[in-house]
Amino acid sequence: MSDVSAPADASLVAATLDGDDDAFAELVRRHKRRVFGTASRFARDPHQLDDICQDVFVRAFRHLAKFRGEAPFEHWLARITVSACYDFLRKERRVREHVSLETHAFDVRDASADATLDADRARELIEFAISKLAPDERLIITLAEIEERPMREIATLTGWSESNVKIRAFRARKSLKEILRLSHES
Amino acid sequence: MNPDQTLDALLATARPIAPGTERTEFGFETRLLARLREERSSSWAWLAVRLSPIFAAAVLAAAAWCHSYTGIEADPTYALDAVQSGGTSALTAWLPEADR
Numbered sequence: 001m002s003d004v005s006a007p008a009d010a011s012l013v014a015a016t017l018d019g020d021d022d023a024f025a026e027l028v029r030r031h032k033r034r035v036f037g038t039a040s041r042f043a044r045d046p047h048q049l050d051d052i053c054q055d056v057f058v059r060a061f062r063h064l065a066k067f068r069g070e071a072p073f074e075h076w077l078a079r080i081t082v083s084a085c086y087d088f089l090r091k092e093r094r095v096r097e098h099v100s101l102e103t104h105a106f107d108v109r110d111a112s113a114d115a116t117l118d119a120d121r122a123r124e125l126i127e128f129a130i131s132k133l134a135p136d137e138r139l140i141i142t143l144a145e146i147e148e149r150p151m152r153e154i155a156t157l158t159g160w161s162e163s164n165v166k167i168r169a170f171r172a173r174k175s176l177k178e179i180l181r182l183s184h185e186s
Numbered sequence: 001m002n003p004d005q006t007l008d009a010l011l012a013t014a015r016p017i018a019p020g021t022e023r024t025e026f027g028f029e030t031r032l033l034a035r036l037r038e039e040r041s042s043s044w045a046w047l048a049v050r051l052s053p054i055f056a057a058a059v060l061a062a063a064a065w066c067h068s069y070t071g072i073e074a075d076p077t078y079a080l081d082a083v084q085s086g087g088t089s090a091l092t093a094w095l096p097e098a099d100r
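Line by line, the protein sequences give chains A and B. Numbering-wise (the numbering used here), the first sequence opens with residue 1 and increments by one. Numbering-wise (the numbering used here), the second sequence opens with residue 1 and increments by one.
Hints in this document: simulated from the structure, not taken from any laboratory. Heads up, the beta-carbon is just placed ideally off N, CA and C, and yes, glycines get one too. Be a bit skeptical, because a hint or two may be false.
[Claimed, not checked] Computed far set for chain A versus chain B, every beta-carbon distance over 10 Å: (1) ALA15; (2) LEU17; (3) ASP18; (4) ASP50.
[Stated by the list, open to error] Here are some, though not all, of the chain B residues that point toward chain A, as calculated from beta-carbon distances under 7 Å: (5) LEU7; (6) ALA14; (7) ARG15; (8) GLY27; (9) PHE28; (10) LEU33; (11) GLU38; (12) VAL49.
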């Protein structure tokens, strides 16, 4: 049951713009779980996760005056979250490039046949494969395949057109299959 | 099983695993607000440093103007020199028509 006495997000935004830091803290408390949920799909390291989430809310704080209240605050914040995650992936890409396929060779032959494939092992395998993707492919695969968000929603979140999202998703799946095949061969 | 099915199977297995973020979330608001306050204060300091040459130039200009203005007013020999060199006609030439 929701607390009817709790101020609406729009009121908290207005109070924050008037200089009330506690109002912004309340906004953060309300929405941090969703931001952490999305960001944790891209960064497993707690420090990186904390950095991304701080980046999201710092951006939100700086651009709060641009929030017009036409859409819910959480939708506005979700777009900032995806943008921050995408920026993180692009930065991280350079760091990850030195990791060789050989060091992460997995056996995917039995992935389909073995019904008892451990969930952690599957996650490890798919995370490795996803980590080898280009940042935009990684973003699309995570949003579309892991979080199962509709293409239209992904288009809204990323600012790309729906057809562009579909093309990128198709290419990302193709790349992912190729990475898994190479991993299997190595 | 073809590669598409293998991929779908892997994604389906990994999908429900939501990473735990409770530890990272702990004290997040405190850290965030501290960072925002620090950035706010440092942005004021940055602005002050950036504007300091303009303030310094304005102070120097004001000081120079004051010095030149008070220099003319404070020189008692100025009127005397005018009288001695050009006589009273030199002074009356400066006066408005009605005061002569």
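Hint check results:
| no. | hint | result |
| --- | --- | --- |
| 1 | ALA15 | holds, 14 Å |
| 2 | LEU17 | holds, 14 Å |
| 3 | ASP18 | holds, 15 Å |
| 4 | ASP50 | violated, 5 Å |
| 5 | LEU7 | holds, 6 Å |
| 6 | ALA14 | holds, 4 Å |
| 7 | ARG15 | holds, 6 Å |
| 8 | GLY27 | violated, 10 Å |
| 9 | PHE28 | holds, 6 Å |
| 10 | LEU33 | holds, 6 Å |
| 11 | GLU38 | violated, 11 Å |
| 12 | VAL49 | violated, 21 Å |
Hint compliance for this structure: hints 4, 8, 11 and 12 are not met, and every other hint is.
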